[in-house]
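Trainee: These are the residues of each chain, in order.
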Amino acid sequence: MGEIRPEPIEQIRQRYKNEWLLIKVTSHDENGLPKEGILLGHFPDRKAAWEATEFVDGEVYVLFAGPTIPEGWEAVLHGWVSL
Amino acid sequence: MFWVRFDPTRPDVKFWVRLLGPRGIVWCEMVLDTGSSRTVLDERLLARAGYDLIAAPEVNVTTASGRVEAKVVKVWQISALGISADDFPVLAMPLSQPLGVDGLLGLDFLRRRNLFCNFEKGILLTLPFSRGFLHRLAISAQIFPAL
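Protein chains in written order, with the numbering used here: chain A, 1 to 83; chain B, 1 to 147.
One or more hints might be untrue.
[Claimed, not checked] Quick list of in silico lysine-lysine cross-link-like pairs, DSBU-like style, CA-CA up to 35 angstroms:
1) B:K74 with A:K17
2) B:K74 with A:K47
3) B:K14 with A:K17
Calculated from the structure, these hints are not laboratory results.
Please work from the sequences and hints to get the whole structure.
Mentor: This is the structure in structure tokens:
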């Protein structure tokens, strides 16, 4: 069985449009941001992606390979805290 | 100075964020939310980073559509946009499924530095607060290419 090789995170993102990705980070760029990683799973929703991280040790990166706000939606995000 | 590009055609401004917790380092993406008084992280992310949400205190949060409750978790370290904050309290809330990020970077985090945003070019800078005239000149020179 062949060894799984790390690949650029942007390359992984392009391959799995509109899915949640679980990536094990293997290298960083000069700013310390994740550069390359190994795709451990791709999921239809956030819940499944974070549940899968329970079984992964080390530096993980979870991201959605799609728009923050879906087509046809608007977002109103703000919140204020009362203590 | 920290310099980052974002897509100016998108309705949001999102960035990579690094969270350090008892279980190690977790990376995620968050949106800039200057309308939020506090930084919010999805509760599943915090649980994965090793934080205890059950024992965390609760606060009331006012949103545009009503009141919700959230846990307050003091994270060991959160880093984004060239800013790092230690022992930083964040709100743990379940973020709704259609939102493609795991948190909101609120004013409590952003106010640690000057924030400069060029929404036409898609450039965001974070700069230190000025400490005198020469320092102010140096900061102005750094902003100039982003104008």
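Trainee: Against which earlier hints does the structure fall short, listed by number upward?
Mentor: none
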